[in-house]
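FYI, the numbering for the first sequence is 0 to 778, going by numbering that gives the first Met the number 0.
These are computed hints drawn from the structure, not numbers from a lab.
Just to be clear, a hint being listed does not mean it is correct.
So the derived label-pair ranges between C-beta atoms look like this [said to hold, decoys possible]: (1) Arg193 - Asp31: 45 to 55 Å; (2) Lys572 - Ala185: 48 to 58 Å; (3) Asp189 - Ala329: 49 to 59 Å; (4) Asn769 - Leu392: 39 to 49 Å.
Derived lysine-lysine pairs resembling BS3-like cross-links, with alpha carbons at most 27 Å apart [as the list claims (entries may be wrong)]: (5) Lys98 - Lys158; (6) Lys395 - Lys369; (7) Lys98 - Lys33; (8) Lys396 - Lys386; (9) Lys499 - Lys527; (10) Lys499 - Lys489; (11) Lys32 - Lys98; (12) Lys466 - Lys499; (13) Lys386 - Lys369; (14) Lys572 - Lys595; (15) Lys727 - Lys684; (16) Lys589 - Lys603.
Every residue, glycine too, gets a C-beta built ideally from N, C-alpha and C.
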Amino acid sequence: MGLPRGHLRSFSTAAVRLHRPPSGSISHEVKDKKEWQLELEQQIARGQLALARQVFDRIPAPDARVYNALIRAYSWRGPFHAAIDLYRSMLYFRVPPNKYTFPFVLKACSALADLRAGRTIHAHAAAAGLHTDLFVSAALIDLYIRRARFGPAANVFAKMPTRDVVAWNAMLAGYANHGMYHHAIAHFLDMQDRGGLRPNASTLVSLLPLLAQHEALFQGTSVHAYCLRAYLDQNEEQVLIGTALLDMYAKCKHLVYACRVFHGMPIRNEVTWSALIGGFVLCDRMTEAFNLFKDMLVEGLCFLSATSVASALRVCASLADLRMGTQLHALLAKSGIHADLTAGNSLLSMYAKAGLMNEAMMLFDETAIKDTISYGALLSGYVQNGKAEEAFLVFKKMQACNVQPDIATMVSLIPACSHLAALQHGRCSHGSVIIRGLALETSICNSLIDMYAKCGRIDLSRQVFDKMPARDIVSWNTMIAGYGIHGLGKEATTLFLGMKNQGFAPDDVTFICLIAACSHSGLVTEGKHWFDTMTHKYGILPRMEHYICMVDLLARGGFLDEAYQFIQSMPLKADVRVWGALLGACRIHKNIDLGKQVSRMIQKLGPEGTGNFVLLSNIFSAAGRFDEAAEVRIIQKVKGFKKSPGCSWIEINGSLHAFVGGDQSHPCSPDIYHELDNILVDIKKLGYQADTNFVLQDLEEEEKQKALLYHSEKLAIAFGVLSLNEDKTIFVTKNIRVCGDCHTAIKYMTLVRNRTIIVRDANRFHHCKNGQCSCGDFW
DNA sequence: GTAGGGTTAG
0 MGLPRGHLRS
10 FSTAAVRLHR
20 PPSGSISHEV
30 KDKKEWQLEL
40 EQQIARGQLA
50 LARQVFDRIP
60 APDARVYNAL
70 IRAYSWRGPF
80 HAAIDLYRSM
90 LYFRVPPNKY
100 TFPFVLKACS
110 ALADLRAGRT
120 IHAHAAAAGL
130 HTDLFVSAAL
140 IDLYIRRARF
150 GPAANVFAKM
160 PTRDVVAWNA
170 MLAGYANHGM
180 YHHAIAHFLD
190 MQDRGGLRPN
200 ASTLVSLLPL
210 LAQHEALFQG
220 TSVHAYCLRA
230 YLDQNEEQVL
240 IGTALLDMYA
250 KCKHLVYACR
260 VFHGMPIRNE
270 VTWSALIGGF
280 VLCDRMTEAF
290 NLFKDMLVEG
300 LCFLSATSVA
310 SALRVCASLA
320 DLRMGTQLHA
330 LLAKSGIHAD
340 LTAGNSLLSM
350 YAKAGLMNEA
360 MMLFDETAIK
370 DTISYGALLS
380 GYVQNGKAEE
390 AFLVFKKMQA
400 CNVQPDIATM
410 VSLIPACSHL
420 AALQHGRCSH
430 GSVIIRGLAL
440 ETSICNSLID
450 MYAKCGRIDL
460 SRQVFDKMPA
470 RDIVSWNTMI
480 AGYGIHGLGK
490 EATTLFLGMK
500 NQGFAPDDVT
510 FICLIAACSH
520 SGLVTEGKHW
530 FDTMTHKYGI
540 LPRMEHYICM
550 VDLLARGGFL
560 DEAYQFIQSM
570 PLKADVRVWG
580 ALLGACRIHK
590 NIDLGKQVSR
600 MIQKLGPEGT
610 GNFVLLSNIF
620 SAAGRFDEAA
630 EVRIIQKVKG
640 FKKSPGCSWI
650 EINGSLHAFV
660 GGDQSHPCSP
670 DIYHELDNIL
680 VDIKKLGYQA
690 DTNFVLQDLE
700 EEEKQKALLY
710 HSEKLAIAFG
720 VLSLNEDKTI
730 FVTKNIRVCG
740 DCHTAIKYMT
750 LVRNRTIIVR
760 DANRFHHCKN
770 GQCSCGDFW
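Using the sequences plus the hints, can you model the full thing?
As structure tokens, this is what we get:
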């Protein structure tokens, strides 16, 4: 039998090293070959592979049968490389491998995912004419499929003269593991039609997760029916099949069926419990998920696993139940599974979502093994807690440690640029996803659309949107919301109509975006129309968020009484945010009486956050009623609410420069103040008058003007004027709303410095040019 | 067979 040339040279060193003289604790008596062989088989049966090896080395001129016995033992549970080494020495000593050698050595290659060795052995088997053997072929298919080499696997499969269930299953498992839904289904049907075979438990255990992933409830139900007909749910593989079925129903969000399967199972294990708990988590039924977890512990501690704790921790994170979360942390530590990567990452994520970034960071530093998800959990934690700069540091650290960011990492990182309104950072991230080949991923594009919109470049948002190969509902909603914050209500409406034309069904969020867009553009009638359309045509039940938008729309448009009546007629009990929207409009329209009434309502509800106190205080101040304004601020202080300081920032050449009111900490402060004084002189010539109504403190008139002049957004703009060429747009971001005086001043500034100035505040964009603002003073 | 980080709204 001819073996391919060249194998001797590459295999010789390993083979020589392996053939050491015998040593160790086996008997040294003289035995004949048959007796040694018997002892070898005994050692293998006992699982004593080291001793088996010593026996093997005593056997004079071992034949293929002897080699096969040990190779088979190695390929069972490892060490896998020993199986391959032994195969090599077999070739070295010119012992021809046979049809019992190849399946086992190939299995070892498969376990090591060593495609190179596998290909060589494939060639050897072909040379020996054994590559179409049932078992050799099955092992080859498994090897190729594991490394996603579908072509070679299909080739092997096609060349088989007869195929058994194992071969069909190997191919199916490959398609299923790589998420190739259509291939898998076609193969599954082919198996029954052309192959004339009936699916067995392994077939269905491969197929069901794929059906689950694609939420193919109908096919899943047929598989379930087949299991019942074939009594597959009654043999020893019952737990596997049952769990796979349960999980399929859970992933299809059909918890009733999932529970029914669960209760019908005579035997359950930790995977079964985890699958069911995970199903409840998926359907956002958190309390029930947690109760199941508790039931599981009552039924048996043996079910406790890293996976089930991970699900339970997600429940704690979602319910913000930190007390339960820390208890689980202790449970993990006690049960000794705390070192598990998955469980560790869930813990990290729970602390991060709860805003305990110090705890999250400590946990992160303590863990020796970190993967992409660990970094992702920390990174998104920082972004969600408004610490965008820290998020960038995590990203840098990740790259320094050679941990590859994936789609989810980038989807978490890009909003950090939106928070900072840092266009340069955003563009770098965009470049980064292009380099990584992720630029056309739907979720990535969605976050890019949002980022560009919030960084003032709605044109780039639209570019990303137009180039997307596949859009989902989030893509459309994000684009509509983007037009909304830019005050482009008409464009938002056009896009909404385009969305419907392309067959996308709007959801509840779509209407929030759309009505908000109308509100920001003063399109009161249109907004009302879309609210009616939503309820009557699409049957979407309005949520509190929709009512907030509607009150905002009506009240901001000057229909304060209608807004008030609208709140009265709501089927839901209006919360602080609804009244807050009305109060905000009272301030714009300087309606003190209603403002007072509304603020009384808010105080009854117990104000959450500080915004409402500030608004009420502003309303009194604007009316010159400083005593009452001060009183509100005293109540605010007594109740322990802190006003978040106004802060503005501007990005110059990729660096961020932040300012608070009256800030003198910037190195260029003298120049900035000088420029601002000059601007004041110039804009006064055009008729600007400081509107001291917006100064909250009861100061002398001159001091009030100064307090106004050095508002943070004015400082940032002055710095922009100094740092950027005239043709560049000055883009400033403010964490709270721009005050009325600044708004007026900015419009004058565009004239005296001939600039385009965009200010993004907590509410919307102010795109100012030639003395006009895009919001039409409607903000 | 189960599990951990992600995008839109006010």
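For a quick check of understanding: which of the numbered hints are violated here, in increasing order?
none
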